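Undergrad: Now for the letters of each chain:
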Amino acid sequence: MTSNAQSGSGFARTSGPPEQAELVLPRRDWLLLPGISLLTICLLAGSTEFIARRVFSVSNTGMPGCVLFNNSSAGLRAVPNSVCWVKDPEGPPVEYRFNSRGHRAGKELLPKQPGIFRIVMVGSSTAMGDQVAQEKTFAALLPNELSQRTGRSIELYNEAMVAEYPQNIASRFDEVLAAKPDMILWIITPFDIRVVSAVPLSADVKKRIAQGLVANVWSRMKGAAAARSMSGAMAALSDHSRAAFLTRHFLFQSQSQYVKSYLMGPEGEFLKTKTDAEWQSYLSRFTVAVAAVEDQAKAAGVPLVAVLVPYRAQVAMVSMGQWPPGCDPYQLDNKVRSIIESDGGIYVDVLPAFRTIPNPEQGFFSMDTHPDAEGHRMIALSLAKELTSRAVPQLVAVSRAKSEIGFGR
Amino acid sequence: MDTASFQFVFFGLAAALVSNFSRSRIWRSIVLMVASLAFLGLLEHNPLVFLPLIGFLLLGYASLILLERGWSRAVAWSIIAVLFVYIWLKKYTFLPAGIFLHGPYLTLGLSYIFFRVLHLLIDTGDGDKQRHIGIGSYLLYLLNFTTLISGPIQRYDEFARDQFAAEPLALGPRVIGLQLERIVRGFFKVNVLGMIFDMIRVDALAQMSYQLSPSFKTYAAFKLIVAYPLFLYANFSGYIDIVIAVARLMRVRLPENFDRPFSASSFLDFWSRWHITLSTWFKSYVYNPLLMVLMRRNSSVAMEPFLGVFCFFVTFFLVGIWHGRTSEFLVYGLLQGGGVSINKLWQVMLTRRLGRKGYKALAGNPVYVAFGRGLTFSWFALSLFWLWASWSQIDVVFAALDAFRWFGVWAGLWLLATVFLALWEWLRARLLSIETAEGPALTSRYARVVYASALGLAAFVMTVLLSQPAPGIVYKAF
Chain P
1 MTSNAQSGSG
11 FARTSGPPEQ
21 AELVLPRRDW
31 LLLPGISLLT
41 ICLLAGSTEF
51 IARRVFSVSN
61 TGMPGCVLFN
71 NSSAGLRAVP
81 NSVCWVKDPE
91 GPPVEYRFNS
101 RGHRAGKELL
111 PKQPGIFRIV
121 MVGSSTAMGD
131 QVAQEKTFAA
141 LLPNELSQRT
151 GRSIELYNEA
161 MVAEYPQNIA
171 SRFDEVLAAK
181 PDMILWIITP
191 FDIRVVSAVP
201 LSADVKKRIA
211 QGLVANVWSR
221 MKGAAAARSM
231 SGAMAALSDH
241 SRAAFLTRHF
251 LFQSQSQYVK
261 SYLMGPEGEF
271 LKTKTDAEWQ
281 SYLSRFTVAV
291 AAVEDQAKAA
301 GVPLVAVLVP
311 YRAQVAMVSM
321 GQWPPGCDPY
331 QLDNKVRSII
341 ESDGGIYVDV
351 LPAFRTIPNP
361 EQGFFSMDTH
371 PDAEGHRMIA
381 LSLAKELTSR
391 AVPQLVAVSR
401 AKSEIGFGR
Chain E
1 MDTASFQFVF
11 FGLAAALVSN
21 FSRSRIWRSI
31 VLMVASLAFL
41 GLLEHNPLVF
51 LPLIGFLLLG
61 YASLILLERG
71 WSRAVAWSII
81 AVLFVYIWLK
91 KYTFLPAGIF
101 LHGPYLTLGL
111 SYIFFRVLHL
121 LIDTGDGDKQ
131 RHIGIGSYLL
141 YLLNFTTLIS
151 GPIQRYDEFA
161 RDQFAAEPLA
171 LGPRVIGLQL
181 ERIVRGFFKV
191 NVLGMIFDMI
201 RVDALAQMSY
211 QLSPSFKTYA
221 AFKLIVAYPL
231 FLYANFSGYI
241 DIVIAVARLM
251 RVRLPENFDR
261 PFSASSFLDF
271 WSRWHITLST
281 WFKSYVYNPL
291 LMVLMRRNSS
301 VAMEPFLGVF
311 CFFVTFFLVG
321 IWHGRTSEFL
331 VYGLLQGGGV
341 SINKLWQVML
351 TRRLGRKGYK
361 ALAGNPVYVA
371 FGRGLTFSWF
381 ALSLFWLWAS
391 WSQIDVVFAA
401 LDAFRWFGVW
411 AGLWLLATVF
421 LALWEWLRAR
431 LLSIETAEGP
441 ALTSRYARVV
451 YASALGLAAF
461 VMTVLLSQPA
471 PGIVYKAF
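Chains as they are written, first to last, in the working numbering: chain P, 1 to 409; chain E, 1 to 478.
One or more hints might be untrue.
Not close to chain P: a few residues of chain E, all C-beta gaps over 12 Å, as computed [to be verified]:
(1) 354
(2) 449
(3) 451
(4) 476
If you want the footprint, here are the derived chain P segments under chain E, 3+ residues with CB under 8 Å [unchecked claim]:
(5) 169 to 182
(6) 251 to 258
These aren't lab readings, by the way, just hints derived from the structure by calculation. These numbers come from a predicted model, not from an experiment. Quick reminder that beta carbons are idealized off the backbone N, C-alpha and C, glycines included.
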């Protein structure tokens, strides 16, 4: 070897460290080392859980104070003139103030003034503005956007309610028509298609809610042990662990990681090009509910415009412009469009608007997947753009330039 | 199984456990062979996909037998044949596509088998080692599951020394504890650190094609350039940690492949710390012979350092192009060869200008070392674009910013790496200076248990929560 191949010459100096001398462990270490390991694990897990519960705190009182469940056809109804403060793990503390009709509309329903174009919005938690201050919801932002684009006075009355699924909307449609709408805007989410109708909580779920956290986890662990299911036990732990929540929350800040994880889970089934039988049955039930809603709108002579507000994974995928083989973020939109349009409704597709928004998924809570305030702003802009692009004759934009305003960051 | 998964770790630990049922070398060899064949069987279920690999192994063994029988003239031809078959099986794109095999077949680990076969042929052909290698030993050496996928590239003598020793290496509680700790560390590197850095890279790559402000894109470019070397280190060194530990539990010492590469103060130093067994192989079989040939042909003493510079370029150009089959790797090779040879030239020029003592003093200056470390990291990070990205991705990435901003990203990285790595070295030295009666507190068995437990918990939680495989071991594709 020449001098060029000495230390620091681009080649290794040795083949490895000298072998450690074989030592016998002192007897106390046979207990001490496992003890240290156990203590480390307990301390780390405990402190992470403690921090996570501080960072992702939840309010002790929640929506149950403001909502009632009367029967499965009506679904959840808010107590008129009630106010609740709710803090979910990822969101800020949010006030839910319901008017005298039990709607989170930000105002009372007054008789319609002449020259005003009234939109009544229906839908579930996303449309109601779950975890977002009322004035920042797209329901609050949209009228101003539409008015600017169309040059008309447009107001929007929000009748959306958490867990108000398609069948519930169909069953209380008289309430929607009572607001004298010029147009009904129906906000649909993939979850609404899956659930279709609110169901009363089962005795088991009620019991679980009533139980404390530890008792809850313990009973699920016992169930998993009885079923000899390791994954069940892990799921019981991770579902209730705020440390697990924290870990997922931060990992899901990554666009690519979130999409990958979402598509691997059962929730991502609707994004597969070959959806399973379960999703086919969801779509069949949804078709029936849509027909019931559209028949009533048609009979009342009120145009019905339906919008599928995309999920976090969908907007991430369209923004990335690529997705794994066998998946398609646009697929559900296309199916919903055909269901809505086959019964004479108008379908507005907002998903393509997210193609040009960098990291749009950051406008959605990463675990909860509802849109946050930024997400509501994006939805309001894309909805306004699509609603005024000749999809609805009454809402044609007067100036194209207005409709191009920005999503930029 | 071809990544640092729970399954791979459990497979390795199970093989190690069974291997230790007896200290007999025959028993240990049988266990290693069965484990290696089972490992291959778990990788691929169709036996037909192994046929090209079997053919390659037989070609290597036939050549070895010829050389052992004194056919020294066959050395060159056997090397050429092995080299050609390797290139053909790996489907290098400069060969016409029509000559390739079109059915599916296994090439996983072929590169590492290739290096070991050439090592056997060259050493045997040189007549340095008078030995006979039986077919069983030959297959055991080449198919050893701990070195099959991504190395390290172990020399036959080192393998035989431990594997066939009448008195195998000692394996007491302390050694077992150290190896288990290393497995946990490796698992954490691959499944937590590697996954996080890869996530950052993929997101940053997507952001480079978004309509974002130049400052946002500059930030994305910075993340992109920093994330990949860290990912690659975590991914590859983590896997190597696991296989070295598993092999040691089977009473075989594998050579180290990494020695804190980002502490290197020069690009030359870097390549003595990164993929050590690869650079050692190239030193033995490319650099040294080439330098000797050139020196024999050119007796000028003044030219000697420049011949070294040239040999460095050739060697590390080959190291670079070995990594892949496409034209991107030509650039990667040029950047590796260029980096090492310019570094050597710089040393030669400075030594001439300052004298040996002056250069030594400069090279020991902490500020010079820190800047050298930062430059080494930033150069390596930049060169890696041609390792992981295709030309179309490279186009997108470099079109996203103008040349001035790209220079800013690279210069900023140099400065930040200089400061950050200097702080890291300082912190590490301070922590290691805390001594107990048995040595540095940080490396005591108590401290190791603490951080192995913490890393193990983090890796377990992450793996279970995400329930998806970490990115595959990058070097298994080479």
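Undergrad: Which numbered conditions among the earlier hints are violated in the structure presented, ordered from lowest to highest?
TA: Numbers 2, 3, 5, in rising order.
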